[in-house]
Amino acid sequence: MTDFRKLTLGIAASFGLPWLLLIVVPAFKYQHIKPIAYDKEADGMDGYYPQSNANVLGMQVYIREGCVQCHTQMIRPSQFSADGWHKGWGEDQSARPAEATRANTMRDYLSEDVALLGVSRVGPDLANAGYRLAAMDRSAIHAMLYAPHSVAMWSNMPSYAHLYTVRKAQGPKSDLALPLTGKFAPAKGYEVVPTPEAEQLVDYLLSLKKAAPLPAAALGNLATAAAAK
Amino acid sequence: MQNPSPNVEPDLQADTLRRAAIDRSVKGPVLFLLTNGAFWLMASTVLGLLAAIKSFAPDFLGHASFLTYGRLQPAHINALVYGWGFQAALGVMLWLMARRSGQELRTGKSLMMVAAFFWNITVTIGIGCILFGGNTSLEWLEMPAFTWPVLLFCFMVFAWPMVSMFARSHRPEGFMISSWYLFGACLWFPWLFSTANICLHWLPSLGVIGAGINAWYVHGVILLFFVPVGVGAAYYFIPKITGQPIASAQLAKTGFWLLAILGGWTGMQRFMGGPLPAWMVAIGAMTGVLLLIPVLVVGLNHHLTTLGKHNLVAVSPTLRFVFVGSIFYPIAGIILALISSFWTGFTFQFTHAWYGYQIIAVYGFFSMVAFGAIYYIVPRLSGCEWLSVRLIRNHFWFSVYGIGIVVVTSVVAGLQQGGDLTAPERWDQSWISVVLNARPYLIARAVAWAMITWSNVWFLLHLMLMVAGLGRRSSAPTLLERHDDHSDPHLTHGAKA
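Chains as they are written, first to last, in this note's numbering: chain A, 1 to 229; chain B, 1 to 497.
Hint data in this document are derived by calculation from the structure and do not stem from the laboratory. Only a predicted model underlies this, so the values are computations on that prediction, with no experimental measurement involved. We put the CB at the ideal spot given by N, CA and C, even for glycine. Among the hints, a few may not be true.
Facing chain A, a subset of chain B residues (Cβ under 7 Å, in silico) [to be verified]:
no., residue
1, F56
2, S65
3, G133
4, S137
5, G184
6, A211
7, A260
8, I261
9, G274
10, A278
11, A282
12, F346
Covered stretches of chain A (chain B as the covering partner; in silico rule of three or more C-beta atoms under 8 Å from a C-beta of chain B) [stated by the list, open to error]:
no., region
13, 23 to 31
14, 74 to 88
15, 158 to 170
Next up, chain A with everything else stripped away, as it sits in the complex (with noise of 0.2 Å):
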């Protein structure tokens, strides 16, 4: 019986070891972090980072139809990866950015339950998706939702068709119609307009701006680290 007992330990000190160190303890010690306070002389600015929350509603309906599986939300240091210099995956919009966007870290998924930072990368990289979304028309996003090939012919991304409504159109043409052309069009006398979910997801992607500028007392400690070394 003993040596039973000693397999029994054995197995539960090998394995209680990391789900302790590594789970346990970090899950509790991270879900106190805070916000950090911007420092006015040190980095030029007011307020809190991070500082936009994702938006809530519309997570619900990312996480729903399974966007992880394709979309990451997670740009690696450049020294590892060219992530930071692609086009539209920072702020900064241009063809070629002129700086890298900088690594995600920690704070830059506060307000999420568990951070969805994805699967695998069949579409772009999400991170920063409010910047590159921001510069287009609202109902340009949602067509792009709607008929992806519209967009890309190639695009291997799904419709999601049924987030939207196809109606007869009466009056006047809804504000909310979708700017659909040639074969994506419906049939003449109807118009595709967004359900609440539709917009509560491009509420959401528009919420993604996880690129603001590190502040000072955050940047210290990699600083701190950095002369460590």
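Put chain B on the given structure of chain A with help from the hints.
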């Protein structure tokens, strides 16, 4: 150790009777789990085929909400893991544990049937929820939160009797490596499952740590549930069929303890370069690479045990599946090391290589071993022999080639995607060219899933006939004889080796 040794006739007869009694005692739950598992495998491969087609032709079959890739893909993986994987694992574990501990299953059989029934109901509801709007987007935990307590309880209904059988039969002098692995799986999974679910569903604002725990859970289920069950079964069937004892008890113990020590640390390297604290990612990457040692130790031990008996791989369906499974095992270990190390991991991160790893671990390794086990176990429980060599061969070759194609194309597609994404000289190419570069691999994946679906149709049919008692009435097992070798060059080759 395998054979209780005495050559005396009556003892052998008593032994056979005892084995038959053990088999009878677990028959109901084991056959129920294996048959339902096979149905889920069928469902999973069909969903996998659909998801693969949808991944390059999103308009296929129209725009219904439940047919979008974001819902099909998690439904496919969950059906594979919880529908097939866990049921096959529990069925094989229960039979093995009863046999290895030499005990009949005395109590709890009806509770087991109820638990197995509820497991299926819960997985059905869970996957229905994924498809119709209840997806949680937590990897491998996409089923809604209400499912996990039921699944955990059902698992415990099986795990508890297995643990107590193991405890009752544990003899210090008889070292039973396969039971060790199965015992480990009984402890590790509930621990992993409850930790991950409690953290992810109940602790608010975990943020990045939540994503880390999720990745840890996925690696944990692979390394501390599917791997121990698969390796444990291989440690039983390889010596059993080759008639040779396990080559080295020392290697077996080393492999077990290294897996136990390293398995719990790995997983968070999935988000390397990300917002997780660097030490958590680094330790995951380190253990992900170090796991090569226990993997290769086990591989070496299996190789040494099979040495000189390779002709049996051609003859015995069980050994053939288990053998191929244990070849996929070190390959899975190498893929894990490639996606884990900082050296290569950044290239493979967030690419199709991750899917390739999941499939080779759950299907290429675990399921192949489970198929081998099923070909051994079911005739002993149903009292008839497998009907057709041809069906078994069909199942084998289409599975091997199908899985091989899925894994190879996924890893190569990962290399392509990773190169497109991380190579500095391609930093300003348009996104659609990245998508187009990966497209041929996705088409190949769909073809491969079609092959696997084909193989599973025959497996399911064959298994259903067996469970219905419509197999061959014979005392001779169905072997993949060598008299029609000309149709199959691999067989002759194997026989000569």
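Q: Let me know if the C-beta of A260 (chain B) comes in closer than 7 Å to any C-beta of chain A, holds or violated.
A: A260 (chain B) check passes; min Cβ-Cβ to chain A is 4 Å, inside 7 Å.
(Q) Checking hints one by one. Is G133 (chain B) an interface residue toward chain A, by the C-beta closer than 7 Å rule? (A) Hint holds; G133 (chain B) Cβ to chain A Cβ min 5 Å, cut 7 Å.
Q: Go through the hint on A211 (chain B) and say holds or violated, using the shortest Cβ distance to chain A against 7 Å.
A: The hint holds - A211 (chain B) has a Cβ within 7 Å of chain A, the shortest such distance being about 4 Å.
Q) Taking the closest Cβ pair, is I261 (chain B) under 7 Å from chain A? A) At about 5 Å, which falls below the 7 Å cut-off, the nearest Cβ of chain A leaves the hint on I261 (chain B) intact, so it holds.
(Q) So is the region 23 to 31 of chain A in contact with chain B by the C-beta rule, three or more residues under 8 Å, or is the coverage claim wrong? (A) holds (count 6)
Q: With chain A as the partner, please determine if A278 (chain B) meets the hint condition of a C-beta pair closer than 7 Å.
A: violated (9 Å)
**Q.** Satisfaction of the G184 (chain B) interface hint, Cβ to chain A closer than 7 Å
**A.** At 6 Å from the nearest chain A Cβ, G184 (chain B) passes the 7 Å test, so the hint holds.
**Q.** Proposed interface contact between F346 (chain B) and chain A, which counts if any beta carbon pair is under 7 Å
**A.** OK, holds: F346 (chain B) within 7 Å of chain A, min 5 Å.
Q: Closer than 7 Å between Cβ atoms is the bar; does A282 (chain B) clear it against chain A? Give me holds or violated.
A: violated (11 Å)
Q) Does S65 (chain B) pass the interface check with chain A, least Cβ-Cβ distance below 7 Å? A) Result: holds, 4 Å to nearest chain A Cβ.
(Q) Using a Cβ cutoff of 8 Å, are there at least 3 residues of the region 74 to 88 of chain A near chain B, or does the coverage claim fail? (A) holds (count 10)
**Q.** When the least beta-carbon distance from G274 (chain B) to chain A is tested against 7 Å, hint result
**A.** holds (5 Å)
Of the numbered hints given earlier, the model fails hints 10 and 11; all others are met.
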